[in-house]
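**Student:** Those sequence lines, one after another, are chains W and D. Numbering (my numbering) for the first sequence: 1 to 435. Numbering (my numbering) for the second sequence: 1001 to 1171.
There could be a bad hint or two in this list.
What follows is a set of in silico ranges between Cβ atoms, one per label pair, in the way DEER data are often shown [claimed, not checked]:
{"no.": "1", "chain 1": "W", "residue 1": "Y332", "chain 2": "D", "residue 2": "S1095", "range": "48 to 56 angstroms"}
{"no.": "2", "chain 1": "W", "residue 1": "T235", "chain 2": "D", "residue 2": "L1063", "range": "45 to 53 angstroms"}
{"no.": "3", "chain 1": "W", "residue 1": "D78", "chain 2": "D", "residue 2": "G1153", "range": "43 to 51 angstroms"}
Calculated cross-link-like contacts (lysine to any residue; reagent style SDA-like; alpha-carbon spacing at most 25 angstroms) [as the list claims (entries may be wrong)]:
{"no.": "4", "chain 1": "W", "residue 1": "K225", "chain 2": "D", "residue 2": "S1155"}
{"no.": "5", "chain 1": "W", "residue 1": "K179", "chain 2": "D", "residue 2": "Y1169"}
{"no.": "6", "chain 1": "W", "residue 1": "K167", "chain 2": "W", "residue 2": "N49"}
{"no.": "7", "chain 1": "W", "residue 1": "K225", "chain 2": "D", "residue 2": "A1151"}
{"no.": "8", "chain 1": "W", "residue 1": "K179", "chain 2": "D", "residue 2": "G1093"}
{"no.": "9", "chain 1": "W", "residue 1": "K161", "chain 2": "W", "residue 2": "M142"}
{"no.": "10", "chain 1": "W", "residue 1": "K225", "chain 2": "D", "residue 2": "Y1159"}
{"no.": "11", "chain 1": "W", "residue 1": "K225", "chain 2": "D", "residue 2": "R1127"}
{"no.": "12", "chain 1": "W", "residue 1": "K225", "chain 2": "D", "residue 2": "S1137"}
{"no.": "13", "chain 1": "W", "residue 1": "K116", "chain 2": "W", "residue 2": "N49"}
{"no.": "14", "chain 1": "W", "residue 1": "K179", "chain 2": "D", "residue 2": "D1158"}
{"no.": "15", "chain 1": "W", "residue 1": "K161", "chain 2": "W", "residue 2": "K179"}
{"no.": "16", "chain 1": "W", "residue 1": "K225", "chain 2": "D", "residue 2": "S1073"}
Quick caveat, the hints were computed from the structure, so don't treat them as lab data. Just so you know, even glycine gets a beta-carbon here, dropped at the ideal spot from N, CA and C.
So the chains spell out like this:
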Amino acid sequence: MHRFAISVFFLLLVSMPLGSARAELDIEITQGAGHRTPVAVVPFGWVGNASDVPLDIAEVISNDLTRSGRFAPIAIRDMLQKPTEGVKVDFDDWSILGVEAVIIGRVTQTGANAYKVQFQLFDVFGRDQLVGYSMPASRGTMRRIAHRAADMIYEKLTGIKGVFDTKVAYVTAQLRAGKQYYSLVVSDQDGENEHTIMESTDPIMSPAWSPDSRRLAYVSFEGNKSSVFVQTLRTGNRSQVSNKAGINGAPSFSPDGRKLVVTLGGIDGNLDIYVLDINSRQTRRLTTHRAIDTEGSWSPDGRYIYFTSDRSGGPQIYRVSTNGGSVERITYEGSYNARPRLSPDGLKLAMVHNDRGNYRIAVMDMERDDLLILSTGRQDESPSFAPNSDTLIYATRQGRDGVLETVSADGLIRQRMASGQGDVREPVWSPYQRF
Amino acid sequence: MPQYKLFIVSLLAVFLTSCATPSIPDPDPTDDTPTNGTDTDANDDGGLGAGEPVPYDPYAGELTNIIYFEFDSSELRPADTDVVARHAVQLAGNSILRVRLEGHADERGSREYNIGLGERRSQTVRRMLLIQGASISQISTVSFGEERPAAMGSSEADYAQNRRVEILYTD
């Protein structure tokens, strides 16, 4: 099991209306320039056995805030005080350092494997507490609790919901002893805590999260034939939900989690969009065109399926009502638009867009109808929105290997998650986790 | 555009069917071309007649199992129509034979759409085989899209190696 080495770099995209020149500058944003707010995450206090110090919660929070690209936590050695209680916070000390917000906290042992994690966020200029919270934890949930704290802090400071307590699923391909191995992997969004949930010498493709983030649907080619599986993460149980003649592919869950939209090809290989009821296995056909119709995904309100079709020649994005009926073309910009994914708030549509010969991730504003190109690679693919609709993850290339990148939906903040080994592709961001 | 392509394929298929007989090697028993040199002793001309004519065999050499495609195309190259025709003859002549047609695409673009492109290529070959006498039960198709490249690089030459259909005899 490899760990992601996270290297963060920022890219300032000066975006202008399409058609005009677009300046792209690789800029490592220092304080101020990109509004990276200076904050202090003070090491948490520990009340318990000295030999039993759990996770460094402050470090997890600090890393989360740094990777968001919006905050610059100061170094611990620069801190003039390290309070663990609210009453000890000296706002003047933090003001001198130019810090705008201070996070303090402590972990208290309450049992053999029971802890209480408390944190408080202070506004230095306002000299007031912005949020304070205490949460029970075990050793197993400690990391998630830290991410949850970071989520609350992030939302309080930016007004945007945090996604630190979320997961990412992706596929890796690795050559081992002359044989190609494909793995379906789930990790925390920061690359920690990786678990391989399925491995095969046949290709694995197209992972998709259930809305409750407890199951993954995916395509497996075991037996030299494509079929769609749904696997429960906790138990590892999986069931083959579609194994018809020809292609079974491109699964995506309905908002209620009971259905999948899938692509079926049949014996004659005419790819069309179908809705599959997971329990009854009954299918309902939504498109009947002899072109390739594939990569269906549900709109968050459940009313439409957005999909790729080359019925007009090259691939473009279309939508059809989940009740069937006529098909409506959505994209007209450029000769290649594929793999549509709507943001959870329904306002943006991410896709793979051919930009002068380069396949890049683009986002279309559904109201203004304009297209913003977010990535800079030659072969970028598989965009997937974070549940806050503010960030996307996608696959790009680093040499021969696929690596993952995240980018803010405005294109301003980007980071790369470089994998230690193998080819990493098809990232999908989980919905919000439930406790 | 896809309908248009299909139309082209159908036309090509009709053309192939109509000229299938001459293009299939079929030693004609009524052929009276002066061939064998067994009776050269009878009219000895100093060994000059002791030769054998070399028949033209368009199918000489090993029959390839891989058909390559142009960028963004699922149409057979003219040279490959003969190859596919020869596989069709084999299948039509032996109903026990089974083939799996594995369609592939190069890595450019979206993965699931590339599954569609690979399948479109498999289906081109499948239709040709069916038109020329193979039966439906002998052929299965699968598309691996860009998931199983033959060449790992990202050059045009690598891409050309990867846009292919492999005709695999499974029985």
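**Student:** Would you mind marking each hint as holding or not holding in the structure?
**Tutor:** For each hint, the structure was consulted:
1. One distance hint, 48 to 56 angstroms for the beta-carbon pair Y332/W and S1095/D, holds here, with the actual separation near 50 angstroms.
2. Roughly 49 angstroms separates the CB atoms of T235/W and L1063/D, a value that falls within the hinted 45 to 53 angstroms.
3. D78/W and G1153/D have their C-beta atoms about 49 angstroms apart, which keeps the hinted 43 to 51 angstroms range intact.
4. About 28 angstroms separates the Cα atoms of K225/W and S1155/D, which puts this hinted pair outside 25 angstroms; it is violated.
5. At roughly 22 angstroms between alpha-carbon atoms, K179/W and Y1169/D fall within 25 angstroms of each other, so this suggested pair holds.
6. Straight-line distance between C-alpha atoms of K167/W and N49/W comes to about 32 angstroms, which puts the hinted pair past the 25 angstroms bound.
7. For the suggested pair K225/W and A1151/D, the alpha carbons sit about 22 angstroms apart, so the restraint of at most 25 angstroms is met.
8. Of the supplied pair hints, the one linking K179/W and G1093/D is violated, its CA atoms being roughly 36 angstroms apart against a limit of 25 angstroms.
9. Using a Cα cut-off of 25 angstroms, the hinted pair K161/W and M142/W holds, with the two alpha carbons roughly 20 angstroms apart.
10. For the suggested pair K225/W and Y1159/D, the alpha carbons sit about 23 angstroms apart, so the restraint of at most 25 angstroms is met.
11. Between the alpha carbons of K225/W and R1127/D the distance comes to roughly 20 angstroms, so the proposed pair stays at or under 25 angstroms and holds.
12. Taking the CA atoms of K225/W and S1137/D, the gap is near 16 angstroms; set against the 25 angstroms cutoff, the hint holds.
13. Distance restraint check for K116/W and N49/W: the Cα-Cα separation of roughly 14 angstroms lies within the 25 angstroms cut-off, and the hinted pair is therefore satisfied.
14. Between K179/W and D1158/D, the direct Cα distance comes to roughly 20 angstroms. Compliance with the 25 angstroms bound is thereby established for this hinted pair.
15. In summary, the hint linking K161/W to K179/W is not supported, as the alpha carbons are separated by about 43 angstroms, beyond the 25 angstroms threshold.
16. Simply put, K225/W and S1073/D have alpha-carbon atoms about 23 angstroms apart, close enough for the 25 angstroms limit, and the pair holds.
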